[in-house]
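*Asks:* Chains as they are written, first to last, in my numbering: chain A, 1 to 266; chain B, 1 to 266; chain C, 1 to 266; chain D, 1 to 266; chain E, 1 to 72; chain F, 1 to 72; chain G, 1 to 72; chain H, 1 to 72.
Everything labelled a hint here was simulated from the structure, so no lab data went into it. Be careful, since some hints might not be right.
Derived BS3-like pairs: lysine-lysine, alpha-carbon spacing no greater than 25 angstroms straight-line [said to hold, decoys possible]: (1) 160(B) - 170(D); (2) 170(A) - 170(C); (3) 118(C) - 118(A); (4) 170(C) - 160(D); (5) 160(C) - 170(A); (6) 160(A) - 118(C); (7) 3(A) - 31(A); (8) 160(B) - 160(A).
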Amino acid sequence: MWKIADREVSSRLLIGSALYPSPEIMCNAIKASQSDIVTVSLRRQSVDGADGESFWQLLKSLDLNILPNTAGCHSAKEAITTALMARELFGTHWIKLEIIGDDYSLQPDPFALLEATKELVAQGFEVFPYCTDDLVLCEKLMSAGCQILMPWGAPIGTGKGLINPYALRKLRQRLPEATLIVDAGIGAPSHASQAMEMGFDGVLLNTAVAQANNPESMAKAMGLAVSAGRLAYEAGLMPEQDTAQPSTPTLGTPFWHHYPEHEPTR
Amino acid sequence: MWKIADREVSSRLLIGSALYPSPEIMCNAIKASQSDIVTVSLRRQSVDGADGESFWQLLKSLDLNILPNTAGCHSAKEAITTALMARELFGTHWIKLEIIGDDYSLQPDPFALLEATKELVAQGFEVFPYCTDDLVLCEKLMSAGCQILMPWGAPIGTGKGLINPYALRKLRQRLPEATLIVDAGIGAPSHASQAMEMGFDGVLLNTAVAQANNPESMAKAMGLAVSAGRLAYEAGLMPEQDTAQPSTPTLGTPFWHHYPEHEPTR
Amino acid sequence: MWKIADREVSSRLLIGSALYPSPEIMCNAIKASQSDIVTVSLRRQSVDGADGESFWQLLKSLDLNILPNTAGCHSAKEAITTALMARELFGTHWIKLEIIGDDYSLQPDPFALLEATKELVAQGFEVFPYCTDDLVLCEKLMSAGCQILMPWGAPIGTGKGLINPYALRKLRQRLPEATLIVDAGIGAPSHASQAMEMGFDGVLLNTAVAQANNPESMAKAMGLAVSAGRLAYEAGLMPEQDTAQPSTPTLGTPFWHHYPEHEPTR
Amino acid sequence: MWKIADREVSSRLLIGSALYPSPEIMCNAIKASQSDIVTVSLRRQSVDGADGESFWQLLKSLDLNILPNTAGCHSAKEAITTALMARELFGTHWIKLEIIGDDYSLQPDPFALLEATKELVAQGFEVFPYCTDDLVLCEKLMSAGCQILMPWGAPIGTGKGLINPYALRKLRQRLPEATLIVDAGIGAPSHASQAMEMGFDGVLLNTAVAQANNPESMAKAMGLAVSAGRLAYEAGLMPEQDTAQPSTPTLGTPFWHHYPEHEPTR
Amino acid sequence: MNIVLNGKAVEIPETANLQAFFESLNNEDAAITLPRQFAVAVNAQFVPRSQYPNIILQEGDDLELLVPMQGG
Amino acid sequence: MNIVLNGKAVEIPETANLQAFFESLNNEDAAITLPRQFAVAVNAQFVPRSQYPNIILQEGDDLELLVPMQGG
Amino acid sequence: MNIVLNGKAVEIPETANLQAFFESLNNEDAAITLPRQFAVAVNAQFVPRSQYPNIILQEGDDLELLVPMQGG
Amino acid sequence: MNIVLNGKAVEIPETANLQAFFESLNNEDAAITLPRQFAVAVNAQFVPRSQYPNIILQEGDDLELLVPMQGG
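Bound conformation, chain A alone (with noise of 0.2 angstroms):
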């Protein structure tokens, strides 16, 4: 168990709802992901009359913790309304404040962000920030009331996983109070158990997951790869080495090679 916000959770791996191929198929991941927290949206009622109920009871059904986002929004303000809106429709103040600053990068707007957050966090939200590998922006976040961050490893939808290691290190570093989380980029387990490794709190991630062939094996190889890089954390993971070294002792090796017959072919 963990402490995330205010509460205490199993899981380290988040993951989204979005993209799978049939709502069946949403419930077995999420189930075989075993994670503890969902992220939800705000949309119009579609136009062939869905309503979300659908959708929304069978969200329920799973009895997690539901993390409502702020997709789409460009401003502030925007964001502000949706978190208002989430927080009623999804009877939680937890937010996933997502503003985007450019439309091809899906990249968050690092001002845009800090001005919501201030305002989110004056009306008692817990912000969740999707935001960039930006220490200045992060600290700022966390002075204005963050206690979680979630930098991007990569662009949203990518699979690129991290694309730059070194400031994830850095933020881990400097920021050790921080619950951080990796969110956005992850495309394979690989990817998700290397930000575990470095000592990151979780992991959210969506794309991944909901793309794969066959997605409810895919949830459940990025719960164990998350299972997996945060024990590795806590067992301390050896130093590299730039030189090799044996790991059979070489102690007790018996001395043949004076015989001739077993002098090396070259």
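Dock chains B, C, D, E, F, G and H against the given chain A, drawing on the hints supplied.
*Replies:* Showing chains B, C, D, E, F, G and H alone in chain A's frame:
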């Protein structure tokens, strides 16, 4: 279950028995790893009278498949003699064939390796050659009778992970029939998972577990990571994208951008 | 010749004047670099009475474009005052705007940077902002009136090269109108060339030259590498291939393979 | 000037003569590269009656050192016959020994390469082996009489640069006496410079120049980059640092931070 | 009276407050079906449920009525 | 009167304007030697050269007098 | 007599030595034009120029005649 | 008679075959204690257990007696 050589096993992690802080920790770590195959060596009994008996009884109690190695050999002749002794001593025709061509990098000697492989195959061994990622060498080893190839990820004991993923990926593509196991150089669960995601059949490691602050936890982490990587390989990884793709649906996004008070701050 | 701000210059290498073993070596290195633009700072005269006069006379003798910086400033206000002093002292409206947001990484503060930029542009400066590779920040700086952007390659003085080539490549693609100069982090000619091959307009560096064993030779090397990278960008780099392509023609190869004595040894 | 085999030359760039859009462009590019050594091959005269004569006259007019290759050979025997023919045809005992072990990767066959090298050295050739970065192979080639080794950077024609810099760096460290030339895989000037910065003695390339939109400019770029890399190696590269170091002196910085109006905006 | 509901022009009775408007949507022949679970913004300002009786829709008002949806 | 000059406390005559103060520094026994080339800030505000005659130093003023220096 | 020349079957007079054979190629109506610069292998063995007069071609011989070409 | 056992010179009775030699090591005052589990090479050639009675040790023979050990 999967088939390696002539046996069915569950785990795709092969683990070494060396360098642990104590025999008890070795046992606990090997159990925690869930490995089915453990590597051992042959040495003179040590000066303090230890005759390998207690180690051997301990290891036998784990009831695993034993894979003896020829670590420390520098020529085909030495390795062949060691393999013959191992077959009698451990009662198995499996041999991890390790012939060092350079004492600093502990790199395999491709020439002696091929020579010894031919002889050992002729004598009925199942040869697990510790080799480089050289495709031509690997093809010759297969022609010489190997079903299994164990290319290095990085030099033994360095923990660098996969230093040449391009070469390893090509090996996997070109040798679909071979049982491919990354042996040596793994330093973290993310490395092990990465190898499995590429389609490797297994991972053999020792130092990263034995030299962790907590070997038992690290062993468990490695076992999980190998499972995660394999699951992901089978589930079909998402293709890497160069540009961002939203995960949350854009359909149904409220159009608030035209409100003056919603203008982005930039 | 190419145009930077309002001037035509030959070289695409901008060089710093700090950290050299001696003023004479500084002069020789700057000459060897063939740079047309050199950075300077403002400081109190040193305790030993040195009033910057000899340094300044030496630098003026090189007859280059002077680019004063605001190094050491931590707020917009400080930077603005420093810029105003620099304009009078050096007789130029060019200013390398450097506002540190973190004393360990010497990372730019995006917020103070944007604030100061707006004011300095209003006061008639040509602002060369030392910035991160954050696209949203870069776009806001351009909206604020910058023609030139100077994203970091890596933290100042680390010599790590381009730690996030993906972000830099995207900056170049997305901001085709901007004059983009990689500033900071360059440690070797290959780093400088890489930036230029991506289509950056220039490179600004200091430590890698000043701290080389032989600054003059290193300065020359950097100048050549910047030229090489630019030439290559203009000449059109070959696209990277995943599989091998023979360079020597295969047409006309003798067909000797059917001779038994020519059989490959494998 | 530096010594390669038995000759003194100026340039450390060796260039190929294949794949150019036209003989004239080939000539101009080779001149622009400032190379002193150019590779050629032997083939049947082509169906259209071209007998290699015009190519050969053109190449001779450049007055460079000729390095014939054995491209296309798959066995030691073929390569030896080709080398003997090349010696007579081109009047040189230099031979770039290229024996392909795999038609997809165009990877050298280490076994045939060593076999042919022994024979050719015995017959008085100066062997330039196109080899892998395998240290054991390289040591055996030197024992067989090679002064020069030409490990690949990446597979021929891929332009990937140095795919295993760790192995290449180790080769340089371990074989200080060898003349080491990176051959194949270079795609950009930064790759060539990187090899030279590591202390390699030269670089051999062809496709990256011949297939550029503008081969002549690219050839010049490669020549500059090789010079830059060598100069930098000799000038002593700064060691990479993990944390930032200011370049502008901090001594004498005005202490303005205590002014309320100077407070950082965060 | 015309307002914009989730981006589409709809005609509604005058002087309706939000509460009444939503109740009217339960008619079989309503323009849209009222979702069971939703949150509301009028002219890009959030309106809490408790305020529905107090909000009188005006000509040209922009009403957003959002429901739970998948998200990443 | 006491002011701070480049971080150090110095005593100067009362009611000096900047111009006069700087001229006084050309005396051989001045606290510091006036650099040939410099720019000035008083209390962290830039003072252009043309304003030197108009600026009267006050007790406790913080005077920065900066010169060209190496920079990266 | 039939031999293979650079991969193609050609008919040549009996008992020709290499020297004579090459000279015959200078005729206008020869099967191929003799290149000015070349090296020779017979049955995949290099034949030095000095040995041309001593080599008698046999039925079915495989003659390679190579010229300078571009190479990487 | 002198042989080398695991790298150390030891003196043993003449004409001992391997079987007899190993049995002699079970004496309390033997040079080394015979391990319970081992494999043998004489002069770098493997000797299978079944051959112990047939192998007569010679002056200067190099006897390796290896036991199970940790390995990676």
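*Asks:* All hints, please: hold or fail.
*Replies:* Structure-based check of each hint:
no. : hint            : in the structure
1   : 160(B) - 170(D) : holds (14 angstroms)
2   : 170(A) - 170(C) : holds (23 angstroms)
3   : 118(C) - 118(A) : holds (23 angstroms)
4   : 170(C) - 160(D) : holds (20 angstroms)
5   : 160(C) - 170(A) : holds (14 angstroms)
6   : 160(A) - 118(C) : violated (35 angstroms)
7   : 3(A) - 31(A)    : holds (20 angstroms)
8   : 160(B) - 160(A) : holds (20 angstroms)
In summary, the one numbered hint that this structure violates is 6.
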